[in-house]
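Line order of the protein sequences matches chains F and X. Each residue of the first sequence is one higher than the one before, starting from 161 at the first, in the numbering used here. Each residue of the second sequence is one higher than the one before, starting from 4 at the first, in the numbering used here.
Simulated from the structure, these hints should not be mistaken for laboratory data. Being a predicted model, the structure only gives us computed values, none of them experimental. Since no wrong hints were added, every one of them can be taken at face value.
DEER-style ranges, computed between Cβ atoms:
hint, chain 1, residue 1, chain 2, residue 2, range
1, X, E15, F, V202, 38 to 44 Å
2, F, D184, X, L79, 38 to 44 Å
3, X, F104, F, L194, 33 to 39 Å
4, F, G204, X, R113, 19 to 25 Å
5, F, I203, X, L78, 25 to 31 Å
6, F, Y212, X, Q110, 22 to 28 Å
7, F, E199, X, V92, 30 to 36 Å
8, F, A206, X, G43, 29 to 35 Å
9, F, L194, X, S146, 20 to 26 Å
10, F, V202, X, L23, 36 to 42 Å
Straight-line C-alpha distance at most 20 Å; calculated EDC-like pairs for lysine to aspartate or glutamate:
hint, chain 1, residue 1, chain 2, residue 2
11, X, K41, F, D184
12, F, K183, X, D139
13, F, K183, F, E199
14, F, K195, F, D184
15, X, K41, X, D139
16, X, K41, F, E188
Virtual Cβ for every residue (Gly too), placed ideally from N, Cα, C.
Next come the chains, spelled out residue by residue.
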Amino acid sequence: MRHFLVMCLFAALAAVVFGAMAKDTPRERWLYGLKVFAEFIVIGLALGWILYFIPW
Amino acid sequence: MVKSERLEEHVEPTPSSAWLVGLAAWFLPGSGHLMMRKWGRAALMGGVIWLSFFIGLAMGGHMFDLTTGQGSSVLLQVPPMIANLGSGVLYIVCWLLGYGFADDPVQAARATYEYGNTFLLIAGLLNYLTMLDAFDIAAGRHS
Numbered sequence: 161m162r163h164f165l166v167m168c169l170f171a172a173l174a175a176v177v178f179g180a181m182a183k184d185t186p187r188e189r190w191l192y193g194l195k196v197f198a199e200f201i202v203i204g205l206a207l208g209w210i211l212y213f214i215p216w
Numbered sequence: 004m005v006k007s008e009r010l011e012e013h014v015e016p017t018p019s020s021a022w023l024v025g026l027a028a029w030f031l032p033g034s035g036h037l038m039m040r041k042w043g044r045a046a047l048m049g050g051v052i053w054l055s056f057f058i059g060l061a062m063g064g065h066m067f068d069l070t071t072g073q074g075s076s077v078l079l080q081v082p083p084m085i086a087n088l089g090s091g092v093l094y095i096v097c098w099l100l101g102y103g104f105a106d107d108p109v110q111a112a113r114a115t116y117e118y119g120n121t122f123l124l125i126a127g128l129l130n131y132l133t134m135l136d137a138f139d140i141a142a143g144r145h146s
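One chain only, chain F, in its complex shape:
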């Protein structure tokens, strides 16, 4: 659980900067920041499960 929370914190920090500098209007920035946050989480979880099933 702690690992997931740290990943969420990481995604949130990166999403704030990406969202703040990417778009023009506040609404677009919010939406883009949320999208970046969601992408970090989804891709992180997907990679985690893929690596889980790979027998190193």
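Given the structure of chain F, go ahead and fit chain X onto it with the hints provided.
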């Protein structure tokens, strides 16, 4: 008149203040936007970088310089060092104090060690983005 010549007519020179803002933004995270009175952006973007840096240190992460190679090539230390250097004065002060560069097995055994490294790296990389954003605003290419 060829196309490239027509394009050159519209290129405006970058004001020297933009370079100063960019340098300040790199050196002290958030200061570039502060110089342009972009209070919200300075608080958000600068705050994220400072927060990320100190979270990384608190998690036991370490920064990279050219002397921390553990038997590997020094060249391998260069890319993460460039990322860490993005933190500007935060990296420089830690380097001068010798704090945050320890890479011994005891520290590496901490569960949050790799997370700390990542937060320290991302602090520097995000500050490069913040620096470019401040430069673009100062140069009038972005609002």
